[in-house]
Amino acid sequence: MFDAKLRPLIDPPLSRLARLLAGVGVTANALTFTGLLLGLAGATAIALGHVGWGLSLILANRIADGLDGAVARVRGPTDLGGYFDIVADFAFYVSVPVGFGLLSPANTLPALVLVASFVLTGVSFLAFAVIAAKRGATTEAHGKKSFFYSTGLAEGAETIAVFIAMCAVPAWFGVFAYAYACLCVLTVVQRSAMAVSAFRD
Numbered sequence: 313m314f315d316a317k318l319r320p321l322i323d324p325p326l327s328r329l330a331r332l333l334a335g336v337g338v339t340a341n342a343l344t345f346t347g348l349l350l351g352l353a354g355a356t357a358i359a360l361g362h363v364g365w366g367l368s369l370i371l372a373n374r375i376a377d378g379l380d381g382a383v384a385r386v387r388g389p390t391d392l393g394g395y396f397d398i399v400a401d402f403a404f405y406v407s408v409p410v411g412f413g414l415l416s417p418a419n420t421l422p423a424l425v426l427v428a429s430f431v432l433t434g435v436s437f438l439a440f441a442v443i444a445a446k447r448g449a450t451t452e453a454h455g456k457k458s459f460f461y462s463t464g465l466a467e468g469a470e471t472i473a474v475f476i477a478m479c480a481v482p483a484w485f486g487v488f489a490y491a492y493a494c495l496c497v498l499t500v501v502q503r504s505a506m507a508v509s510a511f512r513d
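According to my numbering, the sequence shown is numbered sequentially starting from 313.
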């Protein structure tokens, strides 16, 4: 929901840093996998009870995730890079609720519900992208991407905001998880309505 609105604020500093990194030979794929490792380490830290470290690693993951796309735009984007990027993103998103689920037995059910909602959101996102590409649709609302990015209520910015809230108040994980799962389901409904409008023959 807020991703496209945040792009004009975050793109300029990311682009400046990306030019420096690309200039010394850093690749977008290297940043993608570094970010994935940071994110998985954050989820592991949460599972082990080090929620503060988990939050720091989550934020580091997001910086790396922003930089990989910026470096790709400098060096030239590739389809393989786009594939790695989206797989790494969803692996990271799922790992955080799993970490909280392992942290406490009370978190198991809300974590499962949240992961299930992420799966539904991801399926709707990727299915929309595939059919939009088949029809030749394009958009740069989220910047230049490897494939069509459809807007939704629950996007990256909202997800990270919820992860931060979970780390800030771990005792409320269940409340945040159920509430955000509902927003994810609403996103699927919203995207399905967009599909009905855009893909009607």
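None of these hints come from the bench; they were simulated from the model. Only a predicted model underlies this, so the values are computations on that prediction, with no experimental measurement involved. Heads up, some of the hints might be wrong.
If you anchor each label on the Cβ, the simulated ranges turn out as follows [stated by the list, open to error]: (1) G364 / F402: 19 to 27 Å; (2) L421 / V336: 41 to 49 Å; (3) W365 / L438: 41 to 49 Å; (4) G337 / F511: 40 to 48 Å; (5) H362 / G388: 34 to 42 Å; (6) G335 / L421: 29 to 37 Å; (7) A403 / S368: 15 to 23 Å; (8) L498 / V336: 40 to 48 Å; (9) A510 / F345: 27 to 35 Å.
All residues carry an ideal CB built from backbone N, CA and C; glycine is no exception.
Hint by hint, here is what the structure shows:
no. : hint                    : in the structure
1   : G364 / F402: 19 to 27 Å : holds, 25 Å
2   : L421 / V336: 41 to 49 Å : holds, 47 Å
3   : W365 / L438: 41 to 49 Å : violated, 31 Å
4   : G337 / F511: 40 to 48 Å : holds, 42 Å
5   : H362 / G388: 34 to 42 Å : holds, 39 Å
6   : G335 / L421: 29 to 37 Å : violated, 49 Å
7   : A403 / S368: 15 to 23 Å : holds, 19 Å
8   : L498 / V336: 40 to 48 Å : holds, 43 Å
9   : A510 / F345: 27 to 35 Å : holds, 34 Å
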